[in-house]
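Here is how the chains run, residue by residue.
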Amino acid sequence: MSASQSAVRSRAEAIKVSRTFDWLILFTLFFVVLGGYHVHFMLTGGDWDFWTDWKDRRLWVTVVPIVGITFPAAVQACLWWRYRLPFGAVVCVLGLLLGEWINRYINFWGWTYFPVSFCFPSQLVPGAIVLDVVLMLSNSMTITAVIGGMAWGLLFYPGNWPVIAPLHVPVEYNGMMMTLADLQGYHYVRTGTPEYIRMVEKGTLRTFGKDVAPVSAFFSAFVSILIYFLWHFFGRWFSGTSFTQGS
Amino acid sequence: MKLIKDKVAKLSFVALLVTVTAAMFYAPTASAHGEKSQAAFMRMRTIHWFDLNWSKDTVAVNDTMTISGKFHVFAGWPETVDKPEISFLNIGIPGPVFIRQGSWIGGQLVPRSVTLELGDTYEFKVLLKARRPGDWHVHTMMNVKGGGPIIGPGKWVTVTGSMGSFVNPVTTLLGDTINLETYNLSNTYFWHAFWYALGLAWLGYWARKPIFVPRHIAMEAGKADSLITAGDKKVGVGFAVATMAIVAFTMSSTNAAYPVTTPLQAGLLRGMKPIELPARTVNVKVEDATYRVPGRAMQMTLTITNNGDSSIRLGEFNTAGVRFLDAKVHVDETGYPDDLLAEEGLTVSDNSPIAPGTSRTVQVTASDAAWEVYRLADLIYDPDSRFAGLLFFFDEAGNRQMVMVDAPLIPSFI
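Chains A and B are the protein sequences, given in the same order. Under the numbering used here, the first residue of the first sequence is numbered 1, with each subsequent residue one higher. Under the numbering used here, the first residue of the second sequence is numbered 1, with each subsequent residue one higher.
Source of the hints: derived by calculation from the structure; they are not laboratory data. These numbers come from a predicted model, not from an experiment. Treat the hints with care, as some may be off.
[As the list claims (entries may be wrong)] Some chain B residues close to chain A (C-beta under 10 Å, calculated; not the full set): (1) P111; (2) V167; (3) R215.
[Claimed, not checked] Non-contacting residues of chain B with respect to chain A, defined by C-beta distances greater than 12 Å in every case (computed): (4) K10; (5) W77; (6) S186.
[As the list claims (entries may be wrong)] With a straight-line Cα cutoff of 20 Å, these simulated EDC-like cross-link-like pairs (lysine to aspartate or glutamate) come out: (7) B:K209 to A:D22; (8) B:K129 to A:E172; (9) A:K202 to B:D339; (10) B:K36 to B:D338; (11) B:K56 to B:D339; (12) B:K145 to A:D22.
By construction, the Cβ of each residue, glycine as well, lies at the ideal position given by its N, Cα and C atoms.
Go ahead and model the full structure; you've got the sequences and the hints to work with.
Pasting the structure below:
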């Protein structure tokens, strides 16, 4: 067979090869994104995503969506502008969550015995689905950034609340009031993570009384919009094809 | 060339095999917490732990034990370490093999960080409940913001039983008693599985059709608009609406199920109550101090003045958790860890009782292999070559008096 001949001899064979290629690329994409996004998320979201006693109504709500929208924006740019595929955000988040669950279950629980109910990851799927759908319907980076980015930030807290709320039930402990999440952090000893490292309930957002989470979510959503733009451009740049002039 | 490649491949394979085999046959337990690698001055000139007591050597799963004692916050705290204005009484164990059921400083529960004052001495207690069977090295520990973990003495404790039987009952302010070990676990698994399945469904919807090659060809051919059908858009709207509806509904139903929730609790506890020590009647002046490297011995020349009404003798020198005792004056009966106890490690040139109102200059030698084993000798390489420790004097009635010493140290290499 010469280089100019086709590798396939029929349409059926071409379809079969194409599908095989689809699964190979999707499989590779999934695990490459899993690795990259997971490392990025651990370095930037870190403890806010590791422990329930870091998942507060201020900084967790603010930080996690902002650092989380990065890879979805970049992968969306690649998959949408080159293939018109609207699942960039979801594939990222599924990869991240699979990596996180493997890490939490094998490392946190299997090796160091922290209960899974103390170190489960944050939920990002609802925001990712909406982000993908907005891109598909709008075919616009700007609208996806503004509407989708806003939805990504705003859906984060309520999307996690069914899992977090039971841990915010108060308990009286030796004369002090704590939440069950605080108590998990106190009971399950983290030798290298002293209490003062926690960055929770810090800031000057006191005007809205106890209703801090919605304000934090709006702020997070606003910054998510900006970060979406930035990382969308990263994605477009990274997925571009360049040719060099031959001699 | 091929021969070389084959040889490299073969040797690489053999090397891999040897490595894997070695790891299988020799994988020793990592049983230390880096206490020996922590800079000597950090252990000698920050927190001085003493009168420590581990209530049990062996404890069954679900049973409790305590670590209690005192710690002195060294007044000459090194400049290179942040002051203990934000500190946390921790415990040095390999993961939550125990749970910390309570920790107190001066009788106050300290689940949060605290402010400690230089020069003060505090009483502390940590209540631990055994969770995972094994032999664990249990250390006292104080984390200092800007200073890091300052690890104290450790003792081996054996936990027996099965982790499967461990329970951690807690009663909430609403009157429900839950097992914190497993609480909320099935709820967590359910919601993560649910959303993961919905995400997979969205991915599956697109993956059921050709994905990359035909779509890329269509994009290149300018037929991008044909790739998203009206049906796709309807499905997309369905996913988005369903997602938002589920989020709204579950938020509402969760609020109904848990009407009382509070934010995470945080804050700094100030005003820790120190021990009120009796007025000091013994004064000690360090005339000079040398560390003799070959002999693993520290020698101090001390001028001791007894201003009390009873004669005194020097019984113990304690630094970085290592206790050097003069067995003729003081014998340890607390079961202190052997590796940290030099029962006859303290020699005083004249340790006859110092009468009230008199002074005496003596040569004090603290010698033991612990200087090397615990890498305290490394303090001669510190940027601020000083030593510090606690001296314990005993009067005729057996009463004890603690005196802090802090002075430059000159190494001797011959």
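Right, here's what the structure says about each hint:
1. P111: P111 (chain B) check passes; min Cβ-Cβ to chain A is 5 Å, inside 10 Å.
2. V167: Not OK, violated: V167 (chain B) not within 10 Å of chain A, min 12 Å.
3. R215: Nearest chain A Cβ about 4 Å off; hint holds.
4. K10: Consistent with the label, K10 (chain B) stays out of reach of chain A, its closest Cβ about 30 Å off (over 12 Å).
5. W77: The claim holds: W77 (chain B) sits with its nearest Cβ about 17 Å from chain A, beyond 12 Å.
6. S186: Label violated. Min Cβ-Cβ 9 Å, cutoff 12 Å.
7. B:K209 to A:D22: holds, 10 Å
8. B:K129 to A:E172: holds, 19 Å
9. A:K202 to B:D339: violated, 44 Å
10. B:K36 to B:D338: holds, 15 Å
11. B:K56 to B:D339: Status holds; Cα separation ~18 Å.
12. B:K145 to A:D22: violated, 52 Å
Checked against the numbered hints listed earlier, the structure breaks hints 2, 6, 9 and 12; every other hint is satisfied.
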